[in-house]
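**Student:** The lines below spell out each chain.
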Amino acid sequence: MLSSQTSPSRATIPPKLASVLQVTPMALVFLALVIVPLGLIFVVSFLDYNFAQVFPELYLETWVDVLTSDLTLALYLKTFKFLVIVWAITAPLGFAIAYFLAFHLRSNWLRTLLVTAIAIPFWTSGPIRMVSWVPLLGREGVVNQTLMGAGLIDEPLGWLMYSEFAVLVAYVQMLTMPMIATALNSMAKIPPSVIQAARDAGASEWQIVRDIIFPLVRPGLAIGTIIVTTAIMGDVVMVKFMGGSQVNTVGMSIITDLNAFMYPPAAAKSILLLIVVLSIVVSLLRFADIRKELRS
Amino acid sequence: MSTRKRPLSFYLLAGLTTVFLVYVYAPMACLYILSFQGPEGGMSFPMVGWSTHWFQTLFSGEGQGLGDVPGAFQRSIRLAACTAVLTLVISVTAGLAYRRKFPGSGAVFYAAIASMVLPGIFVGFGIALMFNLLGWQVNWFTSGIGAQLTWTLPFGLLIMFIVLGRFRSSYEEAAVDLGASASQRFRWVILPIILPGVIGIAMAGLTSSYEETARTSLNVGMGNTMPMEVMGLLNAAATPVLFAIGTLTTLISFSLIILSLVVMTQLAKRRSMRTNA
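As they're listed, the protein sequences go chains R and S. Everything in the first sequence is counted per the numbering used here, starting at 1 for the first residue and increasing by one. Everything in the second sequence is counted per the numbering used here, starting at 1001 for the first residue and increasing by one.
Simulated from the structure, these hints should not be mistaken for lab results. Backbone N, C-alpha and C define an ideal beta-carbon position, used for all residues, glycine too. Where hints are given, some of them may not hold.
To be verified - With a straight-line cut-off of 20 angstroms between C-alpha atoms, the simulated DMTMM-like cross-links for lysine to aspartate or glutamate are:
1) R:Lys81 <-> R:Glu164
2) R:Lys16 <-> S:Glu1040
3) R:Lys16 <-> S:Glu1172
Said to hold, decoys possible - A few chain S residues facing chain R, derived, Cβ under 10 angstroms:
4) Ala1029
5) Gly1042
6) Leu1096
Let the sequences and hints guide you as you build the complete structure.
**Tutor:** Written as structure tokens, this is what we have:
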């Protein structure tokens, strides 16, 4: 570490070279473990295979299958449906809670406490958080018991757990926090004098939110959207457990192929998924410069 | 200012925030309570007596279908510790590089963003495939740590950007003017200022390594990690043992978070006392 900085005599290494040396370990990790594997996946997607192995022969049927099958379309529609619903809930919710924390709370102490309370579950174990929905949403869970006790239903609702609904509940629980964090980060940079000026000029709270705060928070919401998009498009763990293996998404279909050792179709589906995710991310990045967003 | 009447929107938003916190914490609260379920009780309310039966089952390791929880825990901790140290060293070094412009800075930055946004299964599959083609065995120490680094390093780099974005270069210039060598500047000027952020990187590395499954699962080789073990238990043994595991892991991660917060605020306090003196 810091080979450039520990040299005994001064001004031996030019600063630019020092920077290149400092970034080399990270660059090597990304090269060896992200970029090379990416190339391999690309190559394998064009190879022939049978039930046990992959042959080094060109075989385009895999791609034809993946690109023309109705199943692919159905899987993407299902995954996009989750994405749109979760985004439509987490973005306004995240914005509203961040707005409350940034502009309504007057006590710094209370703000820190609430931000910590919102952040902590994000750092606790994912599988454990999923398990914790069973006592609430399960057949004998709190929600069903309450509804039956109140005489609203005669038998337990089966769709509360191990269903698409359960997947959505878990997604929203996990992904509202990044929306709050990115929106809050953008709001913290708005000078209070700007808000005060608008207020003095007679703007209503709604006008301030719509015309001043929202445009300035858009980059933060774009980054939050990127986090939500990549989390949902690449998810297999939540869908598998919360959906009780009943819900099939793009990620699940890749896992199914991998478990059957069908590497070329898994590779082709992965490449397609990658292209879709990266196009969404690139189009969202037009709203936000990540490096600028991180500067305070 | 503080006597100004609160608008209606304040109460609506306060209500919304409260509902959100209940939504986030209610399931967890149920889990903690149910982990003290009596021996006859099941995975939902009502409580059939209170006991530490399920914790005892967990520690004795004799529960039905209860695999190898202590082993998985050990593997996860070992993996998380190695990943955290590597993440810390590599991200801090790379972060320091970004204090000036250099050829290839954009390429590495976008590689980091790509590594972060790529679907986890995709990266995990790619690394496993590479090992397979090279004829190497996947193993927690090589492919396992490697797969986790693709997830933790981008966060480490972004945290370094935040930390160094607030770093005033005049401090370092002053040290240069006073004749400090590069290693002295790092040891006595840069490190003390970025230390809280550095601890943050280690913590983020530790916790995200412990949680990661999508990239790790295909690359750890023999034996499960803790999240994989829990997922396995979900199918094999649906008993309150799972809740006991939940309560214990939460306790451990809470202690880690609180410990690092305390250390970070102590460091910040010491620094502000020194600069004010």
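**Student:** None of the hints should be skipped; say for each whether it holds.
**Tutor:** Hint check results:
1. This hinted pair checks out: Lys81 of chain R and Glu164 of chain R have alpha carbons roughly 10 angstroms apart, not beyond 20 angstroms.
2. Under the criterion of a C-alpha separation no larger than 20 angstroms, the hint pairing Lys16 of chain R with Glu1040 of chain S is inconsistent with the structure, at around 68 angstroms.
3. This hinted pair checks out: Lys16 of chain R and Glu1172 of chain S have alpha carbons roughly 17 angstroms apart, not beyond 20 angstroms.
4. Using the Cβ-Cβ criterion of 10 angstroms, the hint placing Ala1029 of chain S at the interface with chain R is satisfied: the shortest such distance is roughly 9 angstroms.
5. Satisfaction of the interface hint for Gly1042 of chain S is found here, the shortest Cβ-Cβ separation to chain R being roughly 7 angstroms, below the 10 angstroms cut-off.
6. Look at Leu1096 of chain S: its Cβ gets to within about 5 angstroms of chain R, closer than 10 angstroms, so that hint holds up.
Violated hint: 2 only; the structure is consistent with all others.
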